[in-house]
Every structure is written in structure tokens, then in C-alpha cells.
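Please model the complete structure; the sequences and the hints are all you need to start from.
So the sequences go chain by chain: S and B. Residue numbers for the first sequence follow the working numbering, beginning at 313 and rising by one. Residue numbers for the second sequence follow the working numbering, beginning at 313 and rising by one.
None of these hints come from the bench; they were simulated from the model. You may find that some hints are simply not true.
Because identical chains cannot be distinguished in the list, a pair is counted as satisfied if it fits within a single copy or across any two copies.
In the SDA-like style, the derived pairs of lysine to any residue whose C-alpha atoms are separated by at most 20 Å in a straight line are [stated by the list, open to error]:
| hint | residue 1 | residue 2 |
| --- | --- | --- |
| 1 | Lys478 | Thr554 |
| 2 | Lys410 | Arg662 |
| 3 | Lys410 | Ala649 |
| 4 | Lys347 | Val461 |
| 5 | Lys412 | Arg662 |
| 6 | Lys347 | Gly627 |
As the structure is a computational prediction, the values presented were derived from the model and not from experiment.
2 protein chains.
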Amino acid sequence: MFEDAELGHTVDKATYDARVPALRSALLDAQFALKDARAFPVLLLVGGVEGAGRGETVNALTSWLDPRHVEVNGLGEPSDEELERPRYWRFWRALPPKGKIGVFFGSWYTYPILQASLAKGRTRWAKLDNRIDEIVRFERMLSEEGALVLKFWFHLSKSVQKRRIKELKKDPLTRWRVTGTAEEYFAKYDRFREVSERTLRHTSTALAPWLVVEGGDRRYRELFVAEELLRALKTRLDAPKTARPTPARTGDAPEVDGRRTLLSELDLKKKLAKPAYTKALERWQGQLALLTRDKRFRDHSVVVVFEGNDAAGKGGTIRRVTRAVDARIVRVVPIAAPTDEEKAHPYLWRFWRQLPRCGQITVFDRSWYGRVLVERVEGFCAPYDWERAYGEINDFEEEMTGHGAVVVKFWLAISKDEQLRRFKEREQISFKTFKITEEDWRNRKKWDAYSDAVCDMVARTSSARAPWTMVEANDKYHARVKVLRTLVEAIENVV
Amino acid sequence: MFEDAELGHTVDKATYDARVPALRSALLDAQFALKDARAFPVLLLVGGVEGAGRGETVNALTSWLDPRHVEVNGLGEPSDEELERPRYWRFWRALPPKGKIGVFFGSWYTYPILQASLAKGRTRWAKLDNRIDEIVRFERMLSEEGALVLKFWFHLSKSVQKRRIKELKKDPLTRWRVTGTAEEYFAKYDRFREVSERTLRHTSTALAPWLVVEGGDRRYRELFVAEELLRALKTRLDAPKTARPTPARTGDAPEVDGRRTLLSELDLKKKLAKPAYTKALERWQGQLALLTRDKRFRDHSVVVVFEGNDAAGKGGTIRRVTRAVDARIVRVVPIAAPTDEEKAHPYLWRFWRQLPRCGQITVFDRSWYGRVLVERVEGFCAPYDWERAYGEINDFEEEMTGHGAVVVKFWLAISKDEQLRRFKEREQISFKTFKITEEDWRNRKKWDAYSDAVCDMVARTSSARAPWTMVEANDKYHARVKVLRTLVEAIENVV
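See below:
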């Protein structure tokens, strides 16, 4: 992996000076084509050994590019707001929009490599491999969403690094560059090399490759990075739009046993009488109120997802939840059309940005599951894209639960007849008419397709730590109490 | 101020039950009209004494409204990311967009009132009045930008508050509501009353009034708040679009002494020879590098504003600055057309959201001054709106400098002839052609109007702590060195 980068590559001044003007002009052209078309986001990751000129190279590169469309992220220690969210939150937060180049010093590679280099014991390789696995999935998602991901690893051989650190320390103008960490790294050179090599090998993919740069010569590394970036930009800008692959299975389930499904097996007759409802509501709301005021609650965040048939009573149920909780710690996020900033990012971005801090609850009224429900049924995205979404959503939710968040997901199910009754009723009551639209009637015509999508969704995204709860919602009382009880029990599990 | 709210208002159950359905329906209608038209943002501030039912009332209100278009902000202790920005940053961050209702528990009133209630000594009233003054200016800006600002103060008389706290403590289901703070407040009831009364009196304005609610009776306070909100929403939604007032002075300065201006007095012949430039550049870049690596630098943020004639060399100058600094701590923010999220907020919002943390530098390539430059000259906003912007911008920058930020603003000035020469030159060099557009030629035709705007801008927004530096930029070497030196000296002043 590092052999080529220990050959002692150099570029002489004459060659460098001759190449830079044309290179710079071509880079700017490519950057402007990228910007004008808002074609895709570019992620440029910078990693490697200390003293290999990462900062200087990026500085040179940004001075050649138009710095207004480059965002350099130096992700060091996470802030408290970042610590209160899943680990990848800070990276999502820093993702460049379409048309921009985001440079990441310090990325999702930094801590895994550092930890594995410093750790001892048998489990460290296993832990590293877990991290690698997450990274590969994350980067694949980025690529599938159209991002151009380029990763540069700045390498120095052991002897060259030793010399370089000595030089830097001699000069008062560069002394600051040698941090304590640099020397610490150096002491662990061999281990660090072993860990990084494994990481690079396992995370270098066709769509998100690692490019190893020899860092000893300023002119060489600058030309190397700039030429690789230029080539990648041009290649991608010129690439023909390829058709999305056809997924191995399509949405419609074959009929095998008369279509017994998760939905058909629901007992929609479940009911609760008013007195029992009032009592149960009070009980679970009271419990929720107490739980969310518990000191231990402050260490967790709660994410509640509401999906369901139109008119299944999501709104009323959500209000029964929010009513029980101090209004200051809960936020309802309605999912409507994305804003233009949201459209310029991967589809999960707008959900990541809404994730609650610890001690806070976010209720999503519709959610990221739109991708495998309405977008699937209405054909708003290609089958390949909603097929891959199941895995991406699972990763997203694992990030949350891995951080200690409580994730609760409800499907509010009503029968087709009950829906019709409610649509008609809503058209009669003035303060409910806003709830019924043309779209609702249109969706109703696709009842079966939606049912298939729901069953797939539950089958493929329900997990022990982020389970789906199917709620029989023909009777609103039953539904509300079931939701509240489920939520309370889920919070009790962690608090 | 509080007399009416100590009369013992109550509403009986029958009246309440009779009024709620129609009220709720009307509220939803108004809310949907608001949402559909994305008409304006609504800010609903909630303050008052402990135990007066603020939380319960907001809960009731949000359960009547569609909670998907209401954002309740419980602003308690600021996070570290908030502490590293000017005080109002967290409030800007929480501002609702057009079409939404933002409820603020804990607002810009909380700390000023709390501090004045707990503080001793002579200066506390003076300090309070300073805060009040800021608040009035902030809220005026919000109103001018179209926001509907409603402020509810929940009041209880001393004897009623005492009784209420006792009741709450008795019931295990409500005991959690009585925080330590509540009892502390109570001990300071008289002082708190005095401070709040003064604050309310001075901050109650035609466009952002305080409405004092008696908090003793649940039904009364719920109806009171809901009816006031409804009335305000309807009034504003039905209000005819009024013409903007005519400001006292218009942009064009009368000629008194042959148009001697800040710009005409600049000596654009200032020059630096290449050898002197190279030496000076190295010196100031080195100094900047050292300064920004100083430990004390981490306690400050730096905001650099670049404005200037088209082709004045902003880009090249910015690169000389960013080159000297570790790429991880600097961000260049180009100001182009606002996104739709930005358009849904007051015009300063998109700059607030970019303010750097401590230890970071943000370089604005064009800035909030667009309002008093291009928007003024091109007539993109009414004279009244850019006239008021000077004051709003001064407040904005005072917020920054008050927080310890270094604010440096550069106007890069070139002569009309020099601009023409550069336009023509740019059309020749391939990697610079992207820099010259139709718009540049159009702007050039309005040279005098822009010059007037620049002189006004400097005269009205240059302050001791956020001064403008006029940079003679016909000679790029001179300009770059002057910018770097000014920036270094400004940072040295605080580090």
C-alpha cells in the first residue's frame, strides 16, 4: 500500500512552475462547471502521518481553487452539542452541498485509527473492523447519493518522518506544527502504519478510493493532489448518466399463502371503552411525565417516528404524547417537501439535522421512511434507490441507538372502510377540513401497493433496539394508549 | 402594569367548554392561512412568575394548534457552542421561519430580569436599562422584518403565588414543577416584580406588545392567550400591505464642497515595489500565523469583511490571508443569492448562522453590507429598509465585539480607469474569465451611486471596535500588505 510512496518522488522547480498555470486554470474551470451545475458534492478527505504536509498542501490547493466554494473542516475534539448526538452527526453537519468541495482534516477515520494504534489487547482489531465496516457503508451511501469521495493519505517513511520532525522543530516559524501528538504518533510509527494500512486497504473502493501521496516533497505532493482532484472532477463531470441498476427483487410480493401479512393479521377490532381509556391515558401520561423529568433521562435522547395510513390519527396521538411532556423538551418535526438546502444533500441529511440533544424528544410526523413508502409507491425514486434505503436507514438508526438514544417507531393502521368513514367525517367538520386533500384520495387508490411497502418496511427495518410497533388504530382510544404505553416502556428500559 | 392581573379572573367550565370548539377551529384556520402563505414568522414569548401555568398553557395551546408548525424553544443554560458566540446567537438560531410559530420559554428577557433581580448595588438598574435598550432594538428589527411578536407575561399576586406553590408541592404528580429556582424566585418576589414591571413597561411597543395574563385560573389563562393570539393572527393576516415610510433623508448626498469624499481623498497612487512587497508579505503572514496559533487566540473569534469595487482584488487578497492561517480554522463565506431557508428569515439571519466559534476566523466575501450597497443602489429594497439597516448592522457588530470577537472590515477601492483595465485583462486570461460577468459591466455604469453608498456606509457603520479600513487597491501589493497588517494589528489588540 505504501511502497510507491517511499520511492522518494520529487518534482523540480522548473517542471512545477511550468505545470501550475495550466493546472490552475483547468481546476478553476472544473470547479466552476461543478458549481454552476450544482452537479454533486465533493468530499476530499485528508489523512496520513504527521509532518507529511497535509495542511500546506490543502492551503496550496485552496489558493488555486476559488476558496469561496471550498469548505475546509478541521474536526478536532467534538463540542458538547456534538457529543450529545450520534458519532456521525458532526460529519453530516459538515457535509458540503452539491456544487461545493468539502475538505475534511480529521474525518470518520481519525478516531478509529488513533484508537486502534493506541489500544492494546485482542479486541482492538475486531473493534477496528467494526469501525471500518461502518465507514464503508457510510461512504457507499454518500457515493450512491452522488457525492464524489476522494481520500488522500499523506505518507512518509519512518526515516523521512524522523528527519522532517527534526527540521520543523528547528525553525521557529514552523515549530508550532510539531504538536505533542506528532511525537507521540512517531513513537508508535510501526503500529500506526499497520493500522492505517489495514484501514486503507479495507476502505478503498471504486467509488471512494484512497490515494496515497508521498509527502516528502512539497511540489510533488501539491501536483499529485491537484492532478488527481482535477482528473476526478473532469471524469465525473463528463460521465454519462448511467441507468440505476435493477435490484434483485422488486416491490410486489408474490402471493404464496393468500396474502397473510403483518397488516392482514392485525386485529383492528381492538377497542377501549371511554372510562378505561381515560384511566389508562392518565396513567401512562403521568408515567411519561415522571420519566422525562427523571435525572437519568437527561443522558438520553428520544426519537419517535409516526407513520401510518392517512387519517389513522397520527396528529391526535402525537398531541397525547406531547401534552404529557414539558413543551420545552419536545419538538414535532413534520416532514413535508425538502428545502433547497436539503435537496442539495443526501436524503437522510434533513433528518440528521433534526436529531435531538440528550434530554430531548423529537417526534417525526412522517420520516425517513418516506423513501420506502411514498417514494417507492409513487415511483419518485428508482427501485434501486429505495431498495438500498433499507440498509441505510438501519445504519442511521444503529447510529442513534448506539449513542444511547431511544428509538420508537409506530405504524398506525386502520382499515380501508374506517379510512373512508374518517375522510367523509373530516369533510364535515370545519376545523378538520384542512386535513383532507386531493392527495389523500389519490393515495387511497393505491392502498394495496402501500400495504406491500409497509410490510416490507417493517420486515426489513424492525430491530431489537429500534423496533416497529404496529398499532391497531381503528379505535383511537386503543391506539393512543398503546402508543403511550410502548413509549413509556421503551424509555423505562434505558432510564 | 399588573393591576388587572390581580383581579382574580376566572372562567367557568360551561363558558370554557362552549367557547373552545369555535376558538380551536378559528385558530387552525388562521394557522393554516399563515402557513400556506408563508406570510410571516410568529414569535410568542412566554415569561412571568413561577407557578403561573406557563407550561400548561403552552401545552394546551399547542394541542389546539397543529403542533407540526409550532416550535417550542426551552432555552435554558446555553451550550458551549452557544457560549462561544455572541449572546443573541442562540435566539437567532431558534427564530421560526415564515409560516411558523416559535414559542420561546426562556428568551432574551430571562437573564436580564434574573440578573437584575438577584444583583445588588447601584449599577444594576443601569445594566438592566442597557439590556432593555438592546431588546427594544432587536424586537424592532424583527417587526420591521415582518415578524409578528407577541409577548405573554404570566402573573400571580404574591399571596396567590404562595398558595399555588404549596398546592403543587402537595401533589406527587405536580411536585416536579416546583424547582429550587421557583422557591428562590418567590423569596425575591418584590424585587422580581419591580424589575419585571420596569422591563415590561420599557419593552412594550406597538409592534411587540406585552400582554399580562393572570395565571391563577387555568381556563381563564388558556382562553386569554388563545384569543389574543387568534386576534393578532387575524389582524395581521387581514392587514393591507402598507407602503414603507419615507425616510428623512435619501441616498444622494447634496454637493457642498465639490464632492470631497472619503473615496475621493484616497491616494490611489500608493504603491509597493515587488521586493518590499515580498518582504512585507512574509513578515505579516508570519506574524498572522504565529498570532493565530497563540493559546490566547482560542478565546476570540475573528470576523473579516471584504467589500470593494468589482475587480478590486478581494479574491487575491483573501487568499493571501487564508494562506497564512491553518486551513482548519478559517472559512471563506461567499455571499450569493440567499437559499429559501434564508429568505424565510430576517436578512441578517444568514450571517448570524455563519459566525465562527472561538479560535476560528470567518472571512465574508461580501457581507451584510450588501443591504446598504447593492440593494440600495439597485433598488432591491425600499429606502426605508436600507436606511434602518445601518442601525441594525451596528447592533449586530456590537453583539460580536461585545463577545470579544475581532471585527475587521475592508473596503478595497480602485479607480474607474483601473477597473476598466482589469476587466479587459480578465477577459484575456482564461482562468480569470469566470470572474467577469454582464453584471460587472452593469454595476460599473452606476459607479457614482455606488460611491455615495460606500461613503454613507463607512460614515455610519465605522466604530472604534468595528472600524472600516479603506484600502487603496490600485496597487495590489500595497492593498494586500495593508490588509494583512491591519488584520494582524487588530488581533494583537485582543490577544
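Against the structure, the hints come out as follows:
1. For the homomeric pair Lys478 and Thr554, neither the shortest alpha-carbon distance inside one copy (51 Å) nor that between copies (71 Å) is at most 20 Å.
2. With identical chains, the CA atoms of Lys410 and Arg662 are at most 20 Å apart both within one copy (14 Å) and between copies (19 Å).
3. Taking CA atoms no more than 20 Å apart as the test, Lys410 paired with Ala649 passes in both settings, with 18 Å inside one copy and 15 Å between copies.
4. Proximity of Lys347 to Val461 under the C-alpha cut-off of 20 Å is restricted to the intra-copy arrangement: shortest distance 16 Å within a copy versus 39 Å between copies.
5. Taking the closest pair of Cα atoms, Lys412 and Arg662 come within 20 Å of each other both inside a single copy (18 Å) and across two copies (18 Å).
6. Within a single copy, Lys347 and Gly627 get their C-alpha atoms only as close as 41 Å, which misses the 20 Å cut-off; across copies the closest is 17 Å, which meets it.
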